[in-house]
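Please work from the sequences and hints to get the whole structure.
Going by the working numbering, the sequence shown opens with residue 357, and the numbers climb by one from there.
Rather than coming from a laboratory, the hints here were simulated on the basis of the structure.
Hints are supplied without guarantee of correctness; some may be wrong.
Once the Cα atoms are required to be at most 16 Å apart in a straight line, the calculated EDC-like pairs of lysine to aspartate or glutamate come out as [said to hold, decoys possible]: (1) Lys-368 with Glu-516; (2) Lys-558 with Asp-528; (3) Lys-505 with Glu-516; (4) Lys-589 with Asp-473; (5) Lys-389 with Glu-362; (6) Lys-390 with Glu-489; (7) Lys-381 with Glu-426; (8) Lys-558 with Asp-572; (9) Lys-496 with Asp-528; (10) Lys-389 with Asp-528; (11) Lys-387 with Glu-426; (12) Lys-589 with Asp-569; (13) Lys-596 with Asp-473; (14) Lys-592 with Asp-473; (15) Lys-456 with Glu-516; (16) Lys-505 with Asp-528; (17) Lys-496 with Asp-464; (18) Lys-596 with Glu-474; (19) Lys-501 with Glu-516; (20) Lys-389 with Asp-464; (21) Lys-593 with Asp-473; (22) Lys-589 with Glu-504; (23) Lys-387 with Glu-516; (24) Lys-596 with Asp-483; (25) Lys-386 with Glu-426; (26) Lys-481 with Glu-588; (27) Lys-358 with Glu-426.
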Amino acid sequence: MKPTIETLNLFKLASGDEFFLQIYKFIGNKKSKKVYIQSNLHGSEIVGNAVISQLINFLSGLNKSQINGEICLLPICNPLGTNQRNHFFSSGRYNSYDGKDWNRIFWDYEKVCQDLDEFVKNNIKFDSLTIQENFLQQQKTSFTKQLEKINQPSSAPLFEQYRYQLQSLSMDANYLIDIHSSSNQCIDYLFCFPGQQQESAKYFQIDYGILMDTYDGIAFDEAFMKPWLALEKSLKKNGKRNNS
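Written as C-alpha cells, this is what we have:
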C-alpha cells in the first residue's frame, strides 16, 4: 500500500524561507489505535531518519487488510535543526535562536490541569475507554488555547509555534515513539515509565531501559505520558484501574 503523504506548514523565517513537516500515514481497513513515530528532534540525530525510511519501505509492502488502525510517521520532525551547521558540524541539538534544547520545550498538560481530581470524581463511573476519550478531549480543549496566542499579530516565540504543530500531530496517539540516536557510538536503550509502560518495554527486545520515576514533563515523550500517568494515579487512588 502507498502511504498518504501530508505536508504541514511549520513556520516562515524572516528571510521568507518556509519550513514544512512531511507526514507519512498508513491507514488500515479496520479502525483501531493510532501509532505515532518521529525522529530527528535533535537535528543532528539523522540515524532515526534511516530507521523510519526502512519502516516506510516495509509498510509499503503490506496491504490495508494487514494493518489495524493508523501508523503516523514523521522522519524529519525538526527541519530547522537538521539544516543547522557550525564549522561543518551538525549542531542541531539546540535552537540557535534562543539556545533552548529542542527537547525541553514541550507543553505539559499536567502542569496546567487544576481539576484532575474533580474530573476523576465526575467520570469514575464510566468505563475505561470513555474516561480516556473524555480526558483526551479535555486536554485538547486546553491545548488549543495556545493557538489563540500564536494567531495574534504579536504571535509567539518560535519554539512555541514549533511545539504546537508537533504536539497537535501526536496528542491523540495511543502509542508514541520518539527516536533519538547518536551518529558516532552508543548503546541501545529505552526510557521506561512506571506501571504498565514499564512492562510493555520488554516487547522492544532491547537490553537496557532507564526507568523514569522522576521527570519534569517538558521533554516530548514526557509531555505525552505525564498527564496519563497522573490520571492513572488518581483513578487508582479513587479505587479504579485505568486499562490504557
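Problem set entry | Ascending list of hint numbers which this structure does not respect | 2, 5, 8, 16, 20, 22 and 23
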